[in-house]
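Asks: Listed below are the residues making up each chain.
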Amino acid sequence: MALSREEVLHVAELARLSLRPAEIEIFTRQLNDILAYVEKLQELDTTGVAPLAHVIPICNAFREDEVREGLSLDLALENAPAREDDNFLVPRVI
Amino acid sequence: MTEPLYSLSISQLAPLLARGEVSPVEVTARLLERIKERNGELNAYLTVDEAGALEQAREAEACLGRGEAASLTGIPLALKDVMVTRGLRTTCASKILENFIPPFDATVVARLRREGAVILGKANMDEFAMGSSTENSAYGPTHNPWNREYIPGGSSGGSAAAVAADLCIASLGSDTGGSIRQPASHCGVVGLKPTYGRVSRYGLVAYASSLDQIGPLTKEVRDAAILLNTIAGHDPKDSTSVPQAAADYTEALGREIHGLKIGVPREYFGHGLDPEVEAAIRAALKTLAGLGADLIEVSLPHTEYAVATYYVVAVAEASSNLARYDGVKYGFRAEGKNLMETYLNTRTQGFGAEVRRRIMLGTYTLSAGYYDAYYKKGSQVRALIRSDFETAFKACHLIACPVSPTPAFRLGEKLADPLTMYLSDIFTISANLAGIPGISVPCGFSSQGLPIGLQLLGPAFGEAEILQAAYAFEQATDFHRRKPPF
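First to last, the sequence lines map onto chains A and B.
Going by my numbering, the first sequence opens with residue 1, and the numbers climb by one from there.
Going by my numbering, the second sequence opens with residue 1, and the numbers climb by one from there.
Just chain B, same shape as in the assembly (with noise of 0.2 Å):
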């Protein structure tokens, strides 16, 4: 073996623990330590499960001396502080949950521990997932570990940057606006995010509740795909989950993809788009059409609105879902003299400045005689972008596109201007309001080393063709190989 065992993906690991050439507890210890010696300096992890990590690992090495392996036993993942775990701390990087132990598993984390993953610990992310850069943590922010002074995008940035330096072997985050594409891009490994229903949100904590989807973070297609099997499919506890019955999402990688029709929106091309971003998504579609995939123009008209209707529809959801943040049932209380004060010092020093901004521009836009004016005419308009996505896709099977319009920005360089940090959203949010799949998926690097992904958008429930065509193309070329100087 010439690299070391953290740097392995699910797909390299799986067959050495299943083969006993490794064991769960080696692997799990040497994550440990490696999380313990080097997460200083990206800050990618909020808490560390020491001992529960190497409880699970021995466990799954019990199961696999009883020959009762599953697809995930003895394999250490990162879980986005989002997820609620079982006696584990869970904050959403708030103060305000700064010590919620939950007293239940969200059916994601409870579909890994069947299949015998073992969970290192809590990944950091902009508070309550609010964010495009994981700076708006109150537990401060997670590096790039491309280049520790730029962000590593967010907001699920933590466990971006773990997956990409190394820090785990895959992790979950989740995706409101981008938050699991985005950071994927900017720390150069693979991110997914399913069609709203696939999988599960009982137990992540509520942002935004129709555009919130939980979705996997990994160092190579195959992963994603694996994890995938692991975590879509109906649940009873959660009433927006969809009931019909999740694929094989493995079972179409290496298929080839000649003849697949894949459709490059005019509208992701134009102002604002940077220059290297742009050259490495055109050299993307011509790999793409080397492997026989016919490109052809499509139209999203509505796509320069999406960044207004998501600010409308997302801040009314987390106006409501943050309502109950009040001091009492669980997480930060902050004594009053009376229960209207205990409200007003709990919630103004349990949340940091942009979840209060969101929350009160929620307020607001749901207030009478404004709701017209904001929430009904974002959600006609996002019906609008939707009926976009119904149209390209009567022409086309995907749609290949730029995750972010430029690579990762500098620490700090956006923190005062909250509407420029909404803007770099611009290509990940449509598929959101749409409700539609998407993967993130290395395609090159900046002329200061810092990476690029394309990104590929599929009709609802199209998650098997997404990854078939992000994995011809993640073979066709080596972009996945790079490591960070880390």
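Here chain A stands alone, though its shape is the one from the complex (with noise of 0.2 Å):
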């Protein structure tokens, strides 16, 4: 299932990526040759097998709802790129 250019250019916008014009056809191309290459595990029959996503037989690991102290306001907001008050800026979206 190769990917093809328009493909290529929606999966960036997915990812909030764009692509320089010069680039689109150097990462089709090799987005295509990984994917080909992982084609190879439709090779194995994995039928049956349970999906392993966590190495570790850790399940639900909690802690008591207890009030702790956090990271401050300010220092929260001390690397934002903007901020006004103690609220991270943004473009205007409405």
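Keep in mind that a hint or two might mislead.
[Claimed, not checked] Quick list of in silico lysine-lysine cross-link-like pairs, DSSO-like style, CA-CA up to 30 Å:
hint, chain 1, residue 1, chain 2, residue 2
1, B, Lys329, B, Lys95
2, B, Lys483, A, Lys40
3, B, Lys414, A, Lys40
4, B, Lys95, B, Lys414
5, B, Lys483, B, Lys414
6, B, Lys376, A, Lys40
7, B, Lys261, B, Lys237
8, B, Lys237, B, Lys376
9, B, Lys483, B, Lys36
[Stated by the list, open to error] Selected chain B positions facing chain A (Cβ under 7 Å, derived; list incomplete):
hint, residue
10, Tyr196
11, Asn338
12, Leu339
13, Leu344
14, Arg347
15, Gln349
16, Ile359
[Said to hold, decoys possible] Some, not all, of what chain B presents toward chain A, calculated at C-beta under 8 Å:
hint, residue
17, Ser239
18, Ile296
19, Ser299
20, Tyr330
21, Thr342
22, Tyr364
23, Ala434
Because the hints were derived from the structure by calculation, they are not lab data.
For every residue, glycine included, the Cβ atom is placed at its ideal position computed from N, Cα and C.
Starting from the two chains in their separate frames, assemble the complex, guided by the hints.
Replies: The structure is reproduced here in structure tokens:
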């Protein structure tokens, strides 16, 4: 299932990336090379094999729900590219 | 003292500090001076914290004066720039975090500080730990101290080069598909990837969360055990860190390995293995046998699927983890006319090509209609790969094999072809998929004088046995004593 140029552009948009014109062809070729290689997995019959998403047998690491000190507002906002009072500032959305 | 201070290991330096024969300030100042003089040749450090390091060294000196030395008091270390350090710039070798000053310490960093370590600075790496050569750094590649025209390996290339070139006493790196073991092998130092969950990932900038693990890169095996003693253990801040208590990993060092069953996986010795690497590994196996280990052939039948599995699982996790870089909360922002354009401009200008490639791959393989064919399939094959190891470890205690199919390659050699670069991780990736620990220990040199590493893999939580065998091998050989012509 080779990716077309349009699909590559669509995936880029989904990932909130834009491709420079010179990159489109290179990315399309490279992504297709990698996907073609990954196709190798289809050689294996995995019927009935439970997917492994996590290697250690830890399930639901709970802790007491107690109030603790967190990052202060100022520290949390310290690295913001733009802030206004106690908020992150972004371009107008509406 | 014949050897310069900067060339010492932790286990050589600590007693000198404890006895007051050298001072932490003296050692730190000497290393800072050497970094200033020589780092330009290697680009191993992205950030050097001169003032902070000297301040920590003075504190260490005061501690030693009061007789309150801890295990790392006054030991100068480098940290891969993927672990956040409070008040000290952490870039992940990305433009998107160029000016990021973390407001907190990663758990491993807090643990190092508690033990009195001095943090010299932050080491270069592939951007967001994505790469095998440290060429994907937004701040230029790191050079291999054994030959500056060659890559140091990656993604922890700066950490490995800094250790090999005596620009620190030891360092920490992170390993998602081989990123500690492979640069350790290429730079002729020791590199240990612990079991998944053994070391807290809190404050480790996430690449592929189910695979990432922090570990030491050191001049000798004992130092890896010493650092693991400090960083291993449960952390309530990382829900994937395991609750069982960590061992004293130095305890088994020096115990003989007579009767230890070492499995040699037949799939690791086939096509694509450089003859010089093969010869070095075969010779290493002979050394292990000479020490009394029983070598037995084992099979890891799904080895040839490991790279494909990794590039499904890792990129899926990466696409999700890196969604956080939006130019809003921290990091670089490129302004746009509206929010969407701000996102697009920020991420396009902030991320390098390899990072964007992996984000796009992950976005595609997780997208509607493709999930079963890629992510689900990959996770199923991952289960098969883990079960290969479970079967093998019924017949042997440890597995011995190459770290990398070739010695370090030339800078630029594989840059245009990502897939070729990916395939160079064939022998290290499986351990991350299975969650098991592995170490690289120096075992030879190519005819061009480039280092070769032996990989020892163990079952989950088998760090003590891996270190025991690596130590026995190291003590029986002298590859670790050679220093690069730097």
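Asks: Now look at each hint and say whether the structure bears it out.
Replies: Consistency of the hints with the structure:
{"no.": "1", "hint": "B/Lys329 with B/Lys95", "in the structure": "holds, 15 Å"}
{"no.": "2", "hint": "B/Lys483 with A/Lys40", "in the structure": "violated, 42 Å"}
{"no.": "3", "hint": "B/Lys414 with A/Lys40", "in the structure": "holds, 22 Å"}
{"no.": "4", "hint": "B/Lys95 with B/Lys414", "in the structure": "holds, 22 Å"}
{"no.": "5", "hint": "B/Lys483 with B/Lys414", "in the structure": "holds, 27 Å"}
{"no.": "6", "hint": "B/Lys376 with A/Lys40", "in the structure": "holds, 14 Å"}
{"no.": "7", "hint": "B/Lys261 with B/Lys237", "in the structure": "violated, 37 Å"}
{"no.": "8", "hint": "B/Lys237 with B/Lys376", "in the structure": "holds, 29 Å"}
{"no.": "9", "hint": "B/Lys483 with B/Lys36", "in the structure": "holds, 20 Å"}
{"no.": "10", "hint": "Tyr196", "in the structure": "holds, 5 Å"}
{"no.": "11", "hint": "Asn338", "in the structure": "holds, 5 Å"}
{"no.": "12", "hint": "Leu339", "in the structure": "holds, 5 Å"}
{"no.": "13", "hint": "Leu344", "in the structure": "holds, 5 Å"}
{"no.": "14", "hint": "Arg347", "in the structure": "holds, 5 Å"}
{"no.": "15", "hint": "Gln349", "in the structure": "violated, 10 Å"}
{"no.": "16", "hint": "Ile359", "in the structure": "holds, 5 Å"}
{"no.": "17", "hint": "Ser239", "in the structure": "holds, 4 Å"}
{"no.": "18", "hint": "Ile296", "in the structure": "violated, 25 Å"}
{"no.": "19", "hint": "Ser299", "in the structure": "violated, 16 Å"}
{"no.": "20", "hint": "Tyr330", "in the structure": "holds, 3 Å"}
{"no.": "21", "hint": "Thr342", "in the structure": "holds, 6 Å"}
{"no.": "22", "hint": "Tyr364", "in the structure": "holds, 5 Å"}
{"no.": "23", "hint": "Ala434", "in the structure": "holds, 7 Å"}
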